[in-house]
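There are 2 protein chains.
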Amino acid sequence: MQNFTFYNPTKILFGQGQIAALSAEVPAGAKVLLTYGGGSIHRNGVYTEVKAALSGHAVVEFGGIEANPQFETLMRAVDLARKEQVDFILAVGGGSVIDGSKFIAAAFYHEGDAWAILAEHAAVQRALPLGTVLTLPATGSEMNAFAVVTRASTREKLPFSSPLIYPRFSVLDPTKTFTLPPRQIANGVVDAFTHTVEQYLTYPVNAPLQDRFAEGILQTLIEEGPKTLREPQDYDARANMMWCATMALNGLIAAGVPQDWATHMIGHEITALHGLDHGQTLAVVLPATLQRQRDAKRDKLIQYGRRVWGLSGDDEHIIDEAIGRTRAFFESLGVKTHLRDYGIGSDAIPALVEQLEKHGMVKLGERGDITPQRSREILELCA
Amino acid sequence: MQNFTFYNPTKILFGQGQIAALSAEVPAGAKVLLTYGGGSIHRNGVYTEVKAALSGHAVVEFGGIEANPQFETLMRAVDLARKEQVDFILAVGGGSVIDGSKFIAAAFYHEGDAWAILAEHAAVQRALPLGTVLTLPATGSEMNAFAVVTRASTREKLPFSSPLIYPRFSVLDPTKTFTLPPRQIANGVVDAFTHTVEQYLTYPVNAPLQDRFAEGILQTLIEEGPKTLREPQDYDARANMMWCATMALNGLIAAGVPQDWATHMIGHEITALHGLDHGQTLAVVLPATLQRQRDAKRDKLIQYGRRVWGLSGDDEHIIDEAIGRTRAFFESLGVKTHLRDYGIGSDAIPALVEQLEKHGMVKLGERGDITPQRSREILELCA
Chain W
28 MQNFTFYNPT KILFGQGQIA ALSAEVPAGA KVLLTYGGGS IHRNGVYTEV KAALSGHAVV
88 EFGGIEANPQ FETLMRAVDL ARKEQVDFIL AVGGGSVIDG SKFIAAAFYH EGDAWAILAE
148 HAAVQRALPL GTVLTLPATG SEMNAFAVVT RASTREKLPF SSPLIYPRFS VLDPTKTFTL
208 PPRQIANGVV DAFTHTVEQY LTYPVNAPLQ DRFAEGILQT LIEEGPKTLR EPQDYDARAN
268 MMWCATMALN GLIAAGVPQD WATHMIGHEI TALHGLDHGQ TLAVVLPATL QRQRDAKRDK
328 LIQYGRRVWG LSGDDEHIID EAIGRTRAFF ESLGVKTHLR DYGIGSDAIP ALVEQLEKHG
388 MVKLGERGDI TPQRSREILE LCA
Chain S
28 MQNFTFYNPT KILFGQGQIA ALSAEVPAGA KVLLTYGGGS IHRNGVYTEV KAALSGHAVV
88 EFGGIEANPQ FETLMRAVDL ARKEQVDFIL AVGGGSVIDG SKFIAAAFYH EGDAWAILAE
148 HAAVQRALPL GTVLTLPATG SEMNAFAVVT RASTREKLPF SSPLIYPRFS VLDPTKTFTL
208 PPRQIANGVV DAFTHTVEQY LTYPVNAPLQ DRFAEGILQT LIEEGPKTLR EPQDYDARAN
268 MMWCATMALN GLIAAGVPQD WATHMIGHEI TALHGLDHGQ TLAVVLPATL QRQRDAKRDK
328 LIQYGRRVWG LSGDDEHIID EAIGRTRAFF ESLGVKTHLR DYGIGSDAIP ALVEQLEKHG
388 MVKLGERGDI TPQRSREILE LCA
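So the protein sequences, as listed, match chains W and S. To get the numbering used here, take the position in the first sequence, counting from 1, and add 27. To get the numbering used here, take the position in the second sequence, counting from 1, and add 27.
Do not take every clue at face value.
[Stated by the list, open to error] According to the in silico footprint, chain W covers these stretches of chain S (three or more CB under 8 Å from chain W):
no.: 1; segment: 123 to 129
no.: 2; segment: 269 to 279
[Claimed, not checked] Covered by chain S, according to a simulated footprint, are these stretches of chain W (three or more residues, beta-carbon under 8 Å):
no.: 3; segment: 222 to 229
no.: 4; segment: 242 to 252
no.: 5; segment: 264 to 277
Keep in mind that the hints were calculated from the coordinates and are not lab data. Glycine residues also receive a C-beta, built at the ideal position from the N, C-alpha and C atoms.
Pulled out of the complex, with its shape left as it was, chain W reads as follows (with noise of 0.2 Å):
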């Protein structure tokens, strides 16, 4: 096992009814931002909720946060936020108004031009608390330090992360999800799945606890996410799946081993570049990068293959078929995984490519080693 450090602060209201919770952890006289993104907190009753919940407190809404939260939407909200002076900042929507949410309560202190802690990675010296009302299953942004902020002007999608944005609390009602669209669910599903992958199929440390943490979460997704997607309000199936995302990406099982990340990279030029759904440039991404990183991942593949997906034979037809597993399961899901699905031909890696390289994204994935030549290849395998 490796040495690590694991802090995660945030308090997790979950289950049914829990909005009410958040009025005891907002603190007493705050000021507060409440961010959301397209209206349809207005609909299925969540805002109402939420307005209720914070009837002690003053309020400021911002809405409109776009899926893919961009940089110039983000600086309106920091602008109201500054003029309103408020004191705490609470975002009701996906993963998309947590990030975004998460960028404003970091670039409200910020002095200067902001995009430097996306561009330049300025450490951020202090943030407005947040706490968020999860309606999405899929970023796990509701427990982490991470954001991702796209520039729409550039067509840049660029991360950071500071212990300082951590979520104070979050509220995660499954029934508040009911209502979302199929498209989103089996994203969030692929989400959450890919996730867990980017931090358990690197190569062995001896971590059998995280490995079997990760392994779970997997096999979980596997049962759940199906489930889910077939009947939204069944309400276990519907927590189960929420709850995976959460522990998906909120550092548990990243503690003591590698970590690869080359999808998630790649999968942002692709969105950035193209606009396809984050879920959808994991599904394409990840079977494709196992398939050229399957020696360097060969232990770990095998193990995946044999615990996860129940495989037995020998080792090569046992990667083959975990790769193809989970490729069918993607497209099980109704997320495709071809570049070509999408419209996207052959011509259009080149661009993908030098975007990495203008990202400095030249040594990705557990050791390095995913050059962008390498990631060329990986994006042939996608199309």
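Based on these hints, arrange chain S on the given structure of chain W.
Chain S in isolation, oriented as in the chain W frame:
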């Protein structure tokens, strides 16, 4: 899945050499009460490393906290802490030192008789901040908000908890546990195993991820426990056992599921009246509890047998075998599983039941169906 709140803000610094990192975690300028046990930290190098890491701080020492830490001892530490006006407690030791230090932290601000925190569940309004350096993997106290304290004069062993006593940080360096006596490691494996079973082996609530996490801890303890007893200096085996013990009682596997704890409550009385090690009492009581509650725990016993022990066949056989393997596992670690092995006869049972009644432990277990009469039956199965 049941509704739940999950919150655990303890920062874990894990791995060889991490004691040095605590210098950045203790608040600058804080006067530190350094607490420890019988002095083994003077022999294994931990004391020297901790003092070096605290070199920028004023330090007051309080050694001699015993196994099953005693109220009387701890109140002397409270007196010292008040007299010296310390700002922070650094507990260096195993579960007893950490539990004792949590009590010191809470009692420091308590007005009136601090025994009320234990006997009357007086709410903890404020506590000194504390950090820990763990030297004995077992209780999970390094990453939770629980503590158990014993009153020597009345032979009572009582728990308390408060979010205010989460350690701010805990250092887990597996190499600092290499010189522990085998008996303490064996007890630690039994303790972590039983903690997991208390939160897992109840009744199903459709929480498959929590089940798989619990099963992962149990399987890892079954594999790594004997290995770390045989090869105390095998870094990975000790690190894996250590991380299992922390994960077994930090709230993670308890989220959204029923909990039992009857074995612990009955075991506490055995320690209080007869002085057995905590781990020894669990090894005695757990198989008996599973046997007596086999109907109430039927579904989960079968799941446990199949998944953790790889059993197959008819249900009754699986249940018999699962309980038998549990007992055999403890025995294989050198921890005896009958009261008679410790020189305690059946004549001791009435006094143990009386103590349970005195402490209000009259509706134990996940269904509250373990009355004093049933505790007596469990104890008879322990004979």
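Do the hints match the structure? See the list:
1. 123 to 129: violated (count 0)
2. 269 to 279: holds (count 4)
3. 222 to 229: Our answer is that it is violated, as 0 residues pass the Cβ test (under 8 Å) against chain S, missing three.
4. 242 to 252: Result for this restraint: holds, n = 7.
5. 264 to 277: The restraint on the segment 264 to 277 of chain W holds, since 5 of its residues have a Cβ under 8 Å from chain S and three suffice.
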